[in-house]
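**Q** Residue numbers (my numbering), protein chains in the order written: chain E, 396 to 703; chain P, 254 to 425.
Hints listed in this document are in silico derivations from the structure and should not be mistaken for laboratory results.
Please note: incorrect hints may appear among the correct ones.
[Said to hold, decoys possible] So, partial list: chain E residues that the calculated Cβ filter (under 8 Å) puts toward chain P:
{"#": "1", "residue": "A409"}
{"#": "2", "residue": "P410"}
{"#": "3", "residue": "A429"}
{"#": "4", "residue": "A444"}
{"#": "5", "residue": "L500"}
{"#": "6", "residue": "L503"}
{"#": "7", "residue": "P529"}
{"#": "8", "residue": "Y530"}
{"#": "9", "residue": "D537"}
{"#": "10", "residue": "R562"}
{"#": "11", "residue": "E569"}
{"#": "12", "residue": "K576"}
[Said to hold, decoys possible] Here are the in silico distance ranges between beta carbons for each label pair:
{"#": "13", "chain 1": "E", "residue 1": "A423", "chain 2": "P", "residue 2": "L410", "range": "52 to 62 Å"}
{"#": "14", "chain 1": "E", "residue 1": "I443", "chain 2": "P", "residue 2": "D420", "range": "38 to 48 Å"}
{"#": "15", "chain 1": "E", "residue 1": "R661", "chain 2": "P", "residue 2": "Y261", "range": "46 to 56 Å"}
{"#": "16", "chain 1": "P", "residue 1": "D421", "chain 2": "E", "residue 2": "Q457", "range": "51 to 61 Å"}
{"#": "17", "chain 1": "P", "residue 1": "F355", "chain 2": "E", "residue 2": "Q469", "range": "54 to 64 Å"}
As the structure is a prediction and not an experimental result, all values here were calculated from the model.
Cβ atoms here follow ideal geometry from the backbone N, Cα and C, with glycine treated the same way.
So you can see what is in the structure, the chains are spelled out below.
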Amino acid sequence: MEHTPPPFFKRGPAPLVRLAFFASLSVALLVADARFKYAESIRSVIGIAAYPLQQIATAPGQLFERVIGFFASQSSLQKENAELRAKLVVTAQNAQRYEATSAELAQLRRLIGALERLEHKATPVEVLYSGRDPYTRKLMVDKGSSQGVRAGQAVIDDSGVVGQVTRTHPMVSEVTLLTDKDQAIPVQVVRNGLRAVAFGGGASGALELRFLAANAEIQNGDRLVTSGIDGTYPPGLPVASVVRVERDASAAFARIVCQPAAGVERNRYLLVLSSNARLPDYPDEAVPQIERKGKVRVKRRKEAADGR
Amino acid sequence: MVFERPQYILLPVRVSTIVISFAIALLLNFLPWKDLTLVPDFVALTLTFWCVRQPRLVGLGVAWTLGLLMDTGNGVLLGEHALTYSLIAFFAITLSRRILWFPWLQQAMHIAALLLSVQLVGVGVRMAAGGAFPGWTVLVGPLLAALLWPVLSFVLLAPQRRPVEVDDTRPI
């Protein structure tokens with residue numbers, strides 16, 4: 396820069412030198428974070444510093460809600476009460492039926508010697524804010540590793556899967572929504588048990604089933620639930636329903652667009668399911684003659700454990 | 254050059270003012286906004302302001318630290334905001350010698366150009382790291398931020414405009 400002062404005032408390194416230093420530091424961090432995932436410990440330390448600010452930032456919204464709730468009129472409360480009572484009758488019926496069915500199912504399972512599915516512990520969390528990042532679909536929630544939230548756990552709301560915990564700090568954790576471009580979830584079609592993987596559609600807010608053959612048996616309105624074969628998501632949670640199927644004779648795969656069942660971008664309170672189901676290890680391969688193959692297998696098992 | 258404007262002699266800035274302004278800007282950024290692409294980046298704007306006004310106090314180190322705070326707070330790649338804020342600080346310090354000679358509107362235009370170009374760098378970094386293109390609305394945020402520049406300048410300079418000693422009988 397031609398505007399730099401004469402060197403008789405000591406002002407440290409020139410701005411351009413400082414820019415080069417800080418820019419290269421940033422790029423190094425970016426690469427370390429994006430490629431090698433080395434930056435997690437740094438991130439959790441800075442995360443503690445940012446935590447009080449995040450809490451204060453969400454405080455006005457909570458205060459506003461509390462004030463509004465205080466002034467909610469009695470009539471609206473009564474109306475809501477009546478609606479809830481009506482709903483309760485229906486759900487109680489369903490619950491009874493569910494109990495009977497699950498008892499019957501457990502008995503049948505015992506009969507055939509199947510593994511009993513373990514109950515899932517659920518942690519209720521509140522959404523603090525959505526990440527200030529238009530490129531991804533992420534939420535910050537108010538429970539972290541000190542409350543037992545672990546990366547990889549499934550996050551649901553009252554009507555289905557919302558996403559997955561992808562990173563935990565001591566007090567807050569980060570949930571990647573199903574609609575994120577890089578998020579995938581193994582699903583199964585309820586009608587015929589067809590397995591597939593649903594990928595996030597990014598900004599469109601929809602999901603997409605990729606790599607299903609053009610003649611795959613799937614149609615509009617099909618409901619998709621988690622298949623549970625990954626060991627990360629519990630089986631049978633509603634995920635989405637198919638809204639559009641495009642079969643192009645020139646393409647090998649069908650284009651299948653689905654609408655998420657849960658209010659992925661709407662709800663304020665969510666449940667984090669801690670999966671304690673242990674999948675048996677992969678069986679050893681039949682021909683263990685080359686060492687490289689063994690490495691590949693270990694890598695695959697790691698990926699399966701990550702749930703991605 | 255506009256010489257008709259009154260030229261105020263400002264009091265020296267207090268470090269507490271700078272710290273509080275950055276804290277408020279971070280708060281505004283962490284608020285749960287509806288559509289993130291349309292919201293101006295308050296931290297970037299405040300950083301530009303202090304780099305223009307106080308290049309000796311607020312420089313690249315402060316910018317980089319704030320960037321890291323933003324990165325962790327939002328759960329994005331570590332270093333993305335650090336890089337863009339360093340760029341903002343550098344160009345703002347370079348601009349600081351000339352920008353204050355212009356009237357408010359032209360100052361805001363300088364700021365718009367600065368923030369827009371840095372925003373494009375940020376978009377480039379994200380897309381290089383595998384993000385999806387968020388749409389052209391990302392360019393609205395910097396423009397709104399530039400519109401806020403005169404307001405922000407007025408608010409942040411107010412502590413330096415107050416009289417040294419309060420005296421009701423003083424003629425001016």
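**Q** If a hint holds in the structure, say so; if it doesn't, say that too.
**A** Tested hints:
Given the 8 Å rule on beta carbons, the hint for E:A409 is violated: about 11 Å separates it from the nearest Cβ of chain P. Look at E:P410: its Cβ gets to within about 6 Å of chain P, closer than 8 Å, so that hint holds up. Hint on E:A429 holds. Least Cβ distance to chain P is approximately 5 Å, under the 8 Å limit. Below 8 Å, beta-carbon pairs count as interface contacts, and E:A444 has one with chain P at about 7 Å; its hint therefore holds.
Look at E:L500: its Cβ only gets to about 39 Å from chain P, farther than 8 Å, so that hint breaks. Of the supplied interface hints, the one on E:L503 is violated, with its beta-carbon coming no nearer than about 44 Å to a beta-carbon of chain P, more than 8 Å. With 8 Å as the threshold, the beta carbon of E:P529 comes within range of chain P, its nearest partner Cβ sitting at about 4 Å, so the hint holds. Because the closest C-beta pair between E:Y530 and chain P is about 3 Å apart, less than 8 Å, the hint holds.
A hinted interface residue such as E:D537 counts as satisfied when its beta carbon comes closer than 8 Å to some beta carbon of chain P; here the least separation is about 12 Å, so the hint is violated. At its closest, the beta carbon of E:R562 sits 6 Å from a beta carbon of chain P; the interface hint therefore holds under the 8 Å criterion. Annotation: E:E569 was flagged as interfacial toward chain P, and the flag holds, the nearest CB pair being 4 Å apart, inside 8 Å. At about 5 Å, the closest approach between the beta carbon of E:K576 and any beta carbon in chain P falls short of 8 Å, and the interface hint on this residue holds.
Between E:A423 and P:L410 the Cβ separation comes to about 37 Å, which falls outside the hinted range of 52 to 62 Å. A hinted range of 38 to 48 Å for the beta carbons of E:I443 and P:D420 is consistent with their spacing of about 47 Å. Take E:R661 and P:Y261: their Cβ atoms lie about 49 Å apart, and the range 46 to 56 Å holds. The supplied range of 51 to 61 Å is broken by P:D421 and E:Q457, whose beta-carbon atoms lie about 43 Å from each other.
The hinted window of 54 to 64 Å between P:F355 and E:Q469 holds, with their beta carbons roughly 59 Å apart.
Checked against the numbered hints above, the structure violates hints 1, 5, 6, 9, 13 and 16; every other hint is satisfied.
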